[in-house]
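One letter stands for each residue in the lines below.
There are 2 protein chains.
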Amino acid sequence: MKTVLITGGAGFIGSHLADELLARNYKVVVLDDLSLGRQENISHLDNSPNFKFIKGDILDDQTLNKVFDENDFDMVFHLAANSDIARSFANPAIDLNLTFMTTFKVLMAMKARNVKKIMFASTSAIYGQTGGAEVKENYGPLFPASHYGAGKLSSEAFIASFVENYGFQAWITRFPNVCGERTTHGILHDFIKKLHKNPDELEVLGDGKQAKPYLYVKDLVEAILFVCDNAKDKINYFNLGVEGQTNVTTIANMVIKAMKLNARIKYTGGDRGWIGDVPKFAYNLDKIHQLGWKSSRTSDEAVETAINAILKEQSCN
Amino acid sequence: MKTVLITGGAGFIGSHLADELLARNYKVVVLDDLSLGRQENISHLDNSPNFKFIKGDILDDQTLNKVFDENDFDMVFHLAANSDIARSFANPAIDLNLTFMTTFKVLMAMKARNVKKIMFASTSAIYGQTGGAEVKENYGPLFPASHYGAGKLSSEAFIASFVENYGFQAWITRFPNVCGERTTHGILHDFIKKLHKNPDELEVLGDGKQAKPYLYVKDLVEAILFVCDNAKDKINYFNLGVEGQTNVTTIANMVIKAMKLNARIKYTGGDRGWIGDVPKFAYNLDKIHQLGWKSSRTSDEAVETAINAILKEQSCN
Chain A
1 MKTVLITGGA GFIGSHLADE LLARNYKVVV LDDLSLGRQE NISHLDNSPN
51 FKFIKGDILD DQTLNKVFDE NDFDMVFHLA ANSDIARSFA NPAIDLNLTF
101 MTTFKVLMAM KARNVKKIMF ASTSAIYGQT GGAEVKENYG PLFPASHYGA
151 GKLSSEAFIA SFVENYGFQA WITRFPNVCG ERTTHGILHD FIKKLHKNPD
201 ELEVLGDGKQ AKPYLYVKDL VEAILFVCDN AKDKINYFNL GVEGQTNVTT
251 IANMVIKAMK LNARIKYTGG DRGWIGDVPK FAYNLDKIHQ LGWKSSRTSD
301 EAVETAINAI LKEQSCN
Chain B
1001 MKTVLITGGA GFIGSHLADE LLARNYKVVV LDDLSLGRQE NISHLDNSPN
1051 FKFIKGDILD DQTLNKVFDE NDFDMVFHLA ANSDIARSFA NPAIDLNLTF
1101 MTTFKVLMAM KARNVKKIMF ASTSAIYGQT GGAEVKENYG PLFPASHYGA
1151 GKLSSEAFIA SFVENYGFQA WITRFPNVCG ERTTHGILHD FIKKLHKNPD
1201 ELEVLGDGKQ AKPYLYVKDL VEAILFVCDN AKDKINYFNL GVEGQTNVTT
1251 IANMVIKAMK LNARIKYTGG DRGWIGDVPK FAYNLDKIHQ LGWKSSRTSD
1301 EAVETAINAI LKEQSCN
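Keeping their order, the protein sequence lines are chains A and B. The first sequence lines up with residues 1 to 317 when you count with the working numbering. The second sequence lines up with residues 1001 to 1317 when you count with the working numbering.
To be clear, the hints were calculated from the coordinates, so they are not data collected in a lab. Heads up, a few of these hints could be off.
[To be verified] Distance condition first, Cα-Cα at most 25 Å in a straight line; then the derived DSS-like pairs of lysine-lysine:
hint, chain 1, residue 1, chain 2, residue 2
1, B, Lys-1209, B, Lys-1234
2, A, Lys-287, B, Lys-1136
3, A, Lys-136, B, Lys-1234
4, A, Lys-66, A, Lys-27
5, A, Lys-234, A, Lys-136
6, B, Lys-1117, B, Lys-1209
7, A, Lys-136, B, Lys-1136
8, B, Lys-1287, A, Lys-136
9, B, Lys-1136, A, Lys-234
All chains, please: the whole structure from these sequences, using the hints.
Structure follows, in structure tokens:
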């Protein structure tokens, strides 16, 4: 039985990954400081004999060393990061520390114990402003628009140098926008919250035409593990995503419909939601398709599934 | 009169840049901790009324704040970094701190005082193993082979997010191998040192076929300032270099000849000098040529000029 570490494993995506790895008979250790992750995302796993949760901060050397000393990891799934892109506008150190330094510390801990396999949760945000072009994995130049994207690109950079210098093997999976149950923020939550406040009108930042591909979280987890199982290079790097994209107006209408309202949409204008956001973006998915994985849901279906899952979650709390 | 800060200004390239900026009537403040830079590189500037040297560490917040508080900078030339790629193999934190964190700290200090123009000394090392392809500025993927390259790419990443978020303007110039007087290490020094020890035989790591473009330091400084004067985008990024490249065997023969020796060359074999080194590399220079700058020396001429300058320097000490 293989033992894996999931950093950020109490977070939205990390907790779904933990579910699936346990289902596949891995021993799973989750390290999470619960600053962004939530105990309730993993509390259903408390009684699993193959699951262990450690509450702690990666940036605290003592904690990290203890986790690595007490477990014999075959592989690390490194997902811990700041997950709220907009908030670091006021303080870039948030992404410096939570998005990048966490990666560097994990790499150093792995190096010290000869743990050499890492799956890294990267992001479309590393590509920056691409002018709407369909972006392949070898797109350049890489000038991220957000500190979050900068922290993720910096992480990829050092993962690459650890691969080259110490014989690490890496699976870098670049996530699109991901949606589903256990999220705590993002556009779906914003719209639901706004509509609870004012069921008659929904204010939308920008012109509603910003479009992004959305992947349902369980499909994302399936894709991550498919890549780890099937890609065999030293550095394996893949855009993960769905074909097509969903624009903000479509999302707004879906939320209004799912909540059984008749709200009108009011646009604030302009082509961007917030500074650092990327207005339009499309992944090229040839590489992951050629490896043999394709999402069973479209972007619109993913968003619809997620809206219903979130509304159901909220009604159960 | 404009005031500029040169971080790492007592280093090899920084000190030549200081010379040229003073010649162009700038007020120049050099910040350098002299860990890699050398007082003697700038001691000839001590009596210049427009020159100020501050010995201090960028990573020390108090020092950095004082430098920014006591001067009103129009622009920062950020060159401070680890300059010895091979030594961080044993400790990646060297490049984390000296190559990347210095950049992040400088960006934060600039942001706090509304200094918005930065020239960043980047490097061909961000491109990693390119398999000998001629590399354009938009080459991808970016997987640096060395921690030094990783630190520089991370720096570019955050420079980009500061440009996008805070209206910075950046000139990113990616250096090739640079040679000339005031160097303290590198292949020319290695060969000269080896030949002083054993004038009959020169041991060369690898097979001698590793080839890189070498730019003479005064040509590099000219190119940097040309880019800053003539490129007007938010992020301006350019490969700097010369056409052609010089292989290790050619360098070995030039050093032997300049030292008036008849040493034979002994190769250790294999296609790389050290782990993390990139065996063969060629820049595409169309972008800088189209902007209007071209090196007056070839790579071979640059190496020859540098060998003679270094031997002359040594004989004067």
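Verification of the hints:
Pair hint B:Lys-1209 plus B:Lys-1234 does not hold up; C-alpha atoms about 39 Å apart against a cutoff of 25 Å. With a C-alpha separation of about 23 Å, the suggested pair A:Lys-287 and B:Lys-1136 falls inside the 25 Å cut-off, and the hint holds. Only pairs whose Cα atoms come within 25 Å are accepted, and A:Lys-136 paired with B:Lys-1234 is accepted, the gap being roughly 24 Å. Distance check on the hinted pair: A:Lys-66 and A:Lys-27 sit about 17 Å apart at the alpha-carbon level, within 25 Å; holds.
Between A:Lys-234 and A:Lys-136 the CA atoms are separated by roughly 19 Å; this keeps the pair inside 25 Å, and the hint holds. For the suggested pair B:Lys-1117 and B:Lys-1209, the alpha carbons sit about 40 Å apart, so the restraint of at most 25 Å is broken. For the hint pairing A:Lys-136 with B:Lys-1136, the CA-to-CA distance comes to about 17 Å; that is within 25 Å, so the pair holds. In summary, the hint linking B:Lys-1287 to A:Lys-136 is supported, as the alpha carbons are separated by about 23 Å, within the 25 Å threshold.
With a CA separation close to 24 Å, the supplied pair B:Lys-1136 and A:Lys-234 stays within the 25 Å bound.
When each numbered hint is compared with the structure, violations occur for hints 1, 6.
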